[in-house]
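So you can see what is in the structure, the chains are spelled out below.
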Amino acid sequence: DTEVTQTPKHLVMGMTNKKSLKCEQHMGHRAMYWYKQKAKKPPELMFVYSYEKLSINESVPSRFSPECPNSSLLNLHLHALQPEDSALYLCASHGAGELFFGEGSRLTVL
Amino acid sequence: QKEVEQNSGPLSVPEGAIASLNCTYSDRVSQSFFWYRQYSGKSPELIMSIYSNGDKEDGRFTAQLNKASQYVSLLIRDSQPSDSATYLCAVNMKTGTYKYIFGTGTRLKVLA
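Line order of the protein sequences matches chains R and P.
Be aware that the first sequence starts at 1, since it is given in the numbering used here, and climbs by one per residue.
Be aware that the second sequence starts at 1, since it is given in the numbering used here, and climbs by one per residue.
Chain R with its partners taken away, still in its complex shape (with noise of 0.2 Å):
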């Protein structure tokens, strides 16, 4: 089982709405990652969790926050955005040495 999940695919929201993506994977990887992407531009680091523990936050505002409640899930929690956030939100495992990707969950922020 190669597969990481992520719910919800699609999910709009109001900027005054609090929401969460989750991410699941059973692979037994122990470093997790959560990138944003807008249309036609490249995946953006958010941030890394490795061992469950928080070890790359590539300055990102704190309506934004991420939370790794143990080693197969990572949630994403969303207060306040704003339209720019709308974006493809790409949750991604790490192990042996290669980085693989669910199908990402699209967000329209109203």
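Be a bit skeptical, because a hint or two may be false.
Interface residues of chain P toward chain R, partial, derived using beta-carbon atoms under 7 Å [claimed, not checked]:
| id | residue |
| --- | --- |
| 1 | Tyr39 |
| 2 | Ser43 |
| 3 | Pro44 |
| 4 | Ile50 |
| 5 | Phe61 |
| 6 | Ser82 |
| 7 | Ser84 |
| 8 | Tyr98 |
| 9 | Gly105 |
Calculated directly from the structure, the hints in this document are not laboratory data.
From the three backbone atoms N, C-alpha and C, an ideal C-beta is built for every residue, glycine too.
Go by the hints and put chain P onto chain R.
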């Protein structure tokens, strides 16, 4: 200077031709290099990884790495219309870290 650079394209090649995609990186200590394919609206899919200087072949794909010149390339032989996608170069910037940086991607169009 961007950390990982690619020509954004589009690169158009006829069906059956060889497509050549290039990537340069700025950090000399980078150790791991990857090519991903991304179809429109989909997530990136790993095609190849390469860690040592030289060529690495996998089916119709060949990755080439030259650390002295700080470039990595991807050749696609016998290009098919289904190869039309954006190809992203990714670099693990430093051994022992988990930081992967992506280039801007090259859009490839294979013309039938």
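Against the structure, the hints come out as follows:
| no. | hint | in the structure |
| --- | --- | --- |
| 1 | Tyr39 | violated, 11 Å |
| 2 | Ser43 | holds, 4 Å |
| 3 | Pro44 | holds, 5 Å |
| 4 | Ile50 | violated, 11 Å |
| 5 | Phe61 | violated, 15 Å |
| 6 | Ser82 | violated, 19 Å |
| 7 | Ser84 | violated, 15 Å |
| 8 | Tyr98 | holds, 5 Å |
| 9 | Gly105 | holds, 5 Å |
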